[in-house]
Amino acid sequence: MEKAKILVIDDDPDFVDAITPILQSAQFSVINAANPAQGKEKILGEKPDLILLDIMMDSLFDGFSLCHNIKTAKEFKDVKDTPIIFVSAVKEMTGSRFQFQGEDQGLIGPDDYIDKPVKPDDLIARIEKLLKK
Amino acid sequence: MTEPKPVVLVIDDEEFIRDSCSQLLAKDGFRPETAENGTIGIEKIQNVNPDLVLIDLKMPGYSGFDVLDRIQEYNPNIISIVITGYATVEYAVEAMKKGAFDFLPKPFSPDQLRIIIRRGLERRRLILETESLRREKKLMEENFITMVTHQLRSPLGTIAQYFEVILGGMVGKVEPKQEEMLSKARDRLERLMELINDWLDLARMNRGQIVDRFKAFSLKKVLKNIVEFMQPSAQRENVSLELIPYSGNDSVEGDDETLTQVFSNLISNAIKYNRPNGRIKVSMEEKEESLVVDVKDTGIGIQEENLPYVFDQFFRVKRDGEKKSKGTGLGLSIAKKIVDAHGGTIHVMSELGKGSTFTVFLPMARPASDKD
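Taken in order, these protein sequences are the chains called A and B.
Mapping to my numbering: the first sequence position 37 is 37, numbers consecutive.
Mapping to my numbering: the second sequence position 18 is 18, numbers consecutive.
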């Protein structure tokens, strides 16, 4: 089976550094981008099989709107079905976890969420579940 | 952009007063409104939101004093000035006690009216400015908290991530002694992150204002989301987590974000303090005017003598044996604060070795037609 290609969009190079071995251990190949703009380039250029999108970069809105654009905008037509997982540094549900309030603003949300720090098996499980679809 | 003209409402049964005041007010750059009696006056106040109200004390029917009372109820920031027919001290004092800013004895000259209005509006300006500064300060404090916690959490998150990767064996073989030490370090780090999150929650709660965010929402939906979200966690601990189907009324008046926190905390505890192959059942029921949620687990239970203290801040059960007391001890006290703020109650029943049931009573949202 061909290795799936995962795009990690995150402005924290340490996170990318830490998460790459996790993805590689599950036979995924990893490409990364440091911001939504670079992310857009890589998505259109390399057509990854799944996108891990950190939404705590600069402004929450950048992450949300990139996700929305991928799923709805014309320029992303060829890649609109690429599964997207939001990665956030907010604590699991017990309190301060944001809810995807983007929905209130009419933004299309991601296919899944995962909190940092990610547990390797949890991440792999979620990725595989989305890739199977 | 030009500022809107201050709105001045004149409540007086004498047409002459209403007309002459209106003319003067319009000429001086205000927006005049009038009402010929107290009843209409109260209505107008709610419709036009005046900055300042001139009230004739001597009116048939709804008296000027009654109007003053209503203004205090409705919006104490509106400046009230009473027009007194008999300039006796008692009436003026009575009016001031009821919240009037000043009084104007009849007959009054245009200049006397002008002066008193100007003073009244100046006071209003100061009141509004103080309010706005207070709001700004609050926003800054909230931003400060958000900023500080982000700056604390972010690096901790990265450190924790590295632990996960190393302990997962993904960057090389880990020797037993290394594994042991790294595990302990990782656990300490998790506790630290929980503590920061709990402090953040407490700080946000002490800010109060949960009540301001109240609205009606579906509790079933919230519980469903939480249960779904925590399934992986439960599975990791080999515990089954189930939301019992419920088809009754589930509308609660409250703040969904903090109530999410409450039930996430209860379910998270139920997972943490459970046994392998244990069960967690979350169920809902309507009892009189309350919605009752039970979180029942087959966990290690709580000793009877500790039950009264379970919701105290920083209370953690002392346990012998290897299962050290996990958590910061803040979770349940925060949960209780939130439930209390909703006008509800939280209780616990437990049997050591068998399990615990946490029960939350929440007032149901009244249907819109019941509200006045």
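Please keep in mind that the hints were generated in silico from the structure rather than gathered at the bench.
Cβ coordinates follow ideal geometry from the N, Cα and C atoms, glycine included.
Do not take every clue at face value.
Stated by the list, open to error - Part of the chain A face toward chain B, derived, beta carbon under 10 Å:
#1 Phe15
#2 Pro21
#3 Ser25
#4 Phe28
#5 Asp49
#6 Asp62
#7 Asp111
#8 Lys116
#9 Pro117
#10 Ala125
#11 Glu128
Stated by the list, open to error - Once the Cα atoms are required to be at most 27 Å apart in a straight line, the calculated BS3-like pairs of lysine-lysine come out as:
#12 A:Lys129 to B:Lys177
#13 A:Lys71 to B:Lys224
#14 B:Lys173 to A:Lys3
#15 A:Lys119 to B:Lys281
#16 A:Lys119 to B:Lys173
#17 B:Lys58 to A:Lys119
#18 B:Lys221 to A:Lys133
#19 A:Lys119 to B:Lys287
#20 A:Lys129 to B:Lys224
#21 A:Lys77 to A:Lys40
#22 A:Lys5 to B:Lys173
#23 B:Lys272 to A:Lys119
Okay, the hints, checked on the actual structure:
Against a cut-off of 10 Å between C-beta atoms, the interface hint on Phe15 (chain A) holds, since the closest Cβ of chain B lies about 6 Å away. Annotation: interface hint on Pro21 (chain A) holds; nearest CB of chain B at approximately 4 Å, less than 10 Å. Among the interface hints, the one on Ser25 (chain A) holds; its C-beta lies about 5 Å from the nearest C-beta in chain B, closer than the 10 Å criterion. This hint is violated: Phe28 (chain A) has a C-beta 12 Å from the nearest C-beta of chain B, more than the 10 Å allowed.
Interface hint at Asp49 (chain A): violated, since its Cβ lies 20 Å from the closest Cβ of chain B, which is beyond the 10 Å cut-off. Hint status for Asp62 (chain A) relative to chain B: violated, with the closest Cβ pair at about 16 Å, above 10 Å. Violation of the interface hint for Asp111 (chain A) is found here, the shortest Cβ-Cβ separation to chain B being roughly 14 Å, above the 10 Å cut-off. Against a cut-off of 10 Å between C-beta atoms, the interface hint on Lys116 (chain A) holds, since the closest Cβ of chain B lies about 5 Å away.
Taking 10 Å as the C-beta contact cut-off toward chain B, the hint placing Pro117 (chain A) at the interface holds, the least distance being around 4 Å. Taking 10 Å as the C-beta contact cut-off toward chain B, the hint placing Ala125 (chain A) at the interface holds, the least distance being around 7 Å. For Glu128 (chain A), the interface hint is violated, the least distance from its beta-carbon to any beta-carbon of chain B being 13 Å, above 10 Å. Restraint check: the Cα-Cα separation between Lys129 (chain A) and Lys177 (chain B) comes to about 35 Å, which exceeds 27 Å; the hinted pair is violated.
The suggested pairing of Lys71 (chain A) with Lys224 (chain B) holds, with an alpha-carbon distance near 26 Å, which does not exceed 27 Å. Only pairs whose Cα atoms come within 27 Å are accepted, and Lys173 (chain B) paired with Lys3 (chain A) is accepted, the gap being roughly 24 Å. Distance restraint check for Lys119 (chain A) and Lys281 (chain B): the Cα-Cα separation of roughly 26 Å lies within the 27 Å cut-off, and the hinted pair is therefore satisfied. Straight-line distance between C-alpha atoms of Lys119 (chain A) and Lys173 (chain B) comes to about 18 Å, which keeps the hinted pair within the 27 Å bound.
Proximity of Lys58 (chain B) to Lys119 (chain A) is assessed by CA-CA distance (about 75 Å); at most 27 Å being required, the pair is judged violated. Distance restraint check for Lys221 (chain B) and Lys133 (chain A): the Cα-Cα separation of roughly 25 Å lies within the 27 Å cut-off, and the hinted pair is therefore satisfied. Between Lys119 (chain A) and Lys287 (chain B), the direct Cα distance comes to roughly 41 Å. Violation of the 27 Å bound is thereby established for this hinted pair. A distance of roughly 20 Å separates the Cα atoms of Lys129 (chain A) and Lys224 (chain B); the hinted pair therefore holds under the 27 Å criterion.
Our distance criterion of 27 Å between C-alpha atoms is met by Lys77 (chain A) and Lys40 (chain A), whose separation comes to about 13 Å. Restraint check for Lys5 (chain A) and Lys173 (chain B): satisfied, since their Cα atoms lie roughly 26 Å apart, inside the 27 Å limit. Among the hinted pairs, Lys272 (chain B) with Lys119 (chain A) is consistent with the structure: their alpha-carbon atoms are about 17 Å apart, no more than 27 Å.
Checked against the numbered hints above, the structure breaks hints 4, 5, 6, 7, 11, 12, 17, 19 and satisfies the rest.
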